[in-house]
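The listed protein sequences derive, respectively, from chains A and B.
Add 14 to the 1-based position in the first sequence for my numbering, that's all there is to it.
Add 7 to the 1-based position in the second sequence for my numbering, that's all there is to it.
Just so you know, the hints here were simulated from the structure itself, not pulled from any lab data.
The C-beta atom is built at its ideal place from N, Cα and C for all residues, glycine as well.
One should not assume that every hint holds.
What the hints assert, rightly or not - Here are the computed distance ranges between Cβ atoms for each label pair: (1) A:E28 to B:D89: 53 to 61 Å; (2) B:L126 to A:P118: 41 to 49 Å; (3) A:P20 to B:T179: 20 to 28 Å; (4) A:L121 to B:D99: 36 to 44 Å; (5) B:A357 to A:P37: 29 to 37 Å.
Stated by the list, open to error - Over 10 Å on every C-beta distance to chain A, these chain B residues come out as not near it, computed from the model: (6) M8; (7) D74; (8) L75; (9) R80; (10) G210; (11) G290; (12) H292; (13) T392.
Unchecked claim - To give an idea of the chain A side of the interface with chain B (calculated C-beta under 8 Å), a few residues: (14) G66; (15) L77; (16) P93; (17) P97.
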Amino acid sequence: MIPACPLAALPRGEAFRLDTVEPPIAVFHTDDGELYAVDDTCTHQDASLADGWLEGCEVECPLHASRFDLRTGEVDAPPAKLPVRTHGVVVEDGTVYVVPSDLPPNLPPGARARTA
Amino acid sequence: MRSVAVIGASLAGLYAARALRDQGFDGTLTIVGSERHRPYDRPPLSKEFLAGRMTEADLALETDDEDLAAEWRLGVRASGLDPRDRRVLLADGTSIAADGVVVATGATARTLPGDSPTLEGVHTLRTLDDASALRADLVPGRRLVVIGAGFIGAEVASTACELGLGVTIVETAPAPLARALGGEMGTALGALHEERGVGLICGVAVQALTGGDRVDGVLLADGQRLDADVVLVGIGARPEIGWLEGSGVELGDGVLCDSGGGTSLPGVVAVGDCAAWFDPGLGRHHRVEHWTGAVQRPAAATATLLSGGSAPAPPQAPPYLWSDQYGMRIQFAGHTLPGDTVTVEEGDVAARSFLAVYRREDRPVAVLGVDQVRQFTRWRRRLATVNTG
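Between the sequences and the hints, there should be enough to build the whole structure, so can you do that?
Structure follows, in structure tokens:
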């Protein structure tokens, strides 16, 4: 279990990028109050889903508008072809924790750190 | 409608074929592509693919289990359209008659006037084959001259710089990307090149390419000569519409369409880089040469086609483009015209991380982000609401 952020620092409609892990993880707090965690990197091309548009239980990639269902990681709209890996989320004593998946991630081809 | 021919097997053609099936069309579907490749994604051709970080397989647009139940005719060009029975003539002498035709033939890279086609080392970049040829020529230590500081030119310069070539960009206009982004922001982005040691010469035209079998230099209009082992000509693209001449489909700068993709010929719609849809906001036809347009518009065009033109035209999202240069992510949405005011609302131009908003009479009309993805996403949404709602 990895501590991500205080729940109070993640209002509804917002996302938090946990970049102390590799690959980074995005935690979303939906308008309905649910918390979901998925790999932060879009499976299509290198973009951070935490920077995307959150609507209901879906996030739209900020680069090419692929949409993923945060509950399952499945692709709701292309160009992404592969689901994004999902992780568990636990809140304890006001802190949001991520329970990382054991499965391999679906990282995009050609991804790299963009800070040259 | 029992048969539809989609002419063009790139992004817009594939999305049109998908949209037809999604919208319940279960008739005969034929997809014609002038390239021999299955549909592939072009944006990485100047970036990840050119740098060798993506392979040809990575560019595939279709999913492994995708089946559009279509007949694919790849590697053959359309040469004409007979309007009497909407028969598409193909370069191999065969033809396809269809109840509906989707024109998605894209665009072709412009070449220099009088350009000697036999000079080795001179490239344009539009197709996968172009990119493979350019990639083979980008050998570390070579000198690359990029003609045209548009997005393709800037991205190739960035990639070639990363690969260890010496790079100079030559641009006729006073600043790079001035038409797309305005002079002020064009100049700001131009500075990105110079910071990385890439030469940028603006306001000078190219006079000639020099060399024997292979290019060895670029002669500029001011008398300057640049040594070159490789030249990329990145001076835009012209719509691939010559095959429609004489068909009755009205042509201008692209296939002229209404705001739902319908052309002047019933049963024919057009999408993607070859299509100039009427833009109610601008009050004129406008050709959008961006990836996003090729993804978003086909569904509206196929609805127009299947309904016989009665489907209401959907509101158009502001045009959106992105570009990755020197590890920075540049995003732009909307339209800008000379005279718009530009204000930096987040970050700092000097720090190479900023968000700038373009306004016309106090109304936001466009937004530019450099490494400001989250704020850009919000502004792009806001722009869509302001200008359609």
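Against the structure, the hints:
1. A:E28 to B:D89: 53 to 61 Å: The hinted range 53 to 61 Å holds for E28 of chain A and D89 of chain B, with Cβ atoms some 57 Å apart.
2. B:L126 to A:P118: 41 to 49 Å: Since the Cβ atoms of L126 of chain B and P118 of chain A sit about 48 Å apart, the hinted range of 41 to 49 Å holds.
3. A:P20 to B:T179: 20 to 28 Å: At 55 Å between Cβs, range violated.
4. A:L121 to B:D99: 36 to 44 Å: Cβ of L121 of chain A to Cβ of D99 of chain B: about 42 Å, so the range 36 to 44 Å holds.
5. B:A357 to A:P37: 29 to 37 Å: At roughly 31 Å between Cβ atoms, P37 of chain A and A357 of chain B fall inside 29 to 37 Å, so the hint holds.
6. M8: Holds, because the least Cβ-Cβ distance between M8 of chain B and chain A comes to about 25 Å, which exceeds 10 Å.
7. D74: For D74 of chain B, whose nearest Cβ neighbour in chain A is about 14 Å away, the distance exceeds 10 Å, so it holds.
8. L75: At roughly 13 Å from the nearest Cβ of chain A, L75 of chain B sits farther out than 10 Å, so the non-interface label holds.
9. R80: holds (23 Å)
10. G210: Holds, because the least Cβ-Cβ distance between G210 of chain B and chain A comes to about 29 Å, which exceeds 10 Å.
11. G290: holds (27 Å)
12. H292: Non-interface label stands for H292 of chain B: nearest chain A Cβ at 25 Å, farther than 10 Å.
13. T392: holds (12 Å)
14. G66: Where the cut-off is 8 Å and the nearest Cβ of chain B is about 6 Å from G66 of chain A, the hint holds.
15. L77: With Cβ-Cβ at 6 Å, under 8 Å, it holds.
16. P93: Interface hint status for P93 of chain A: holds (7 Å vs cutoff 8 Å).
17. P97: violated (12 Å)
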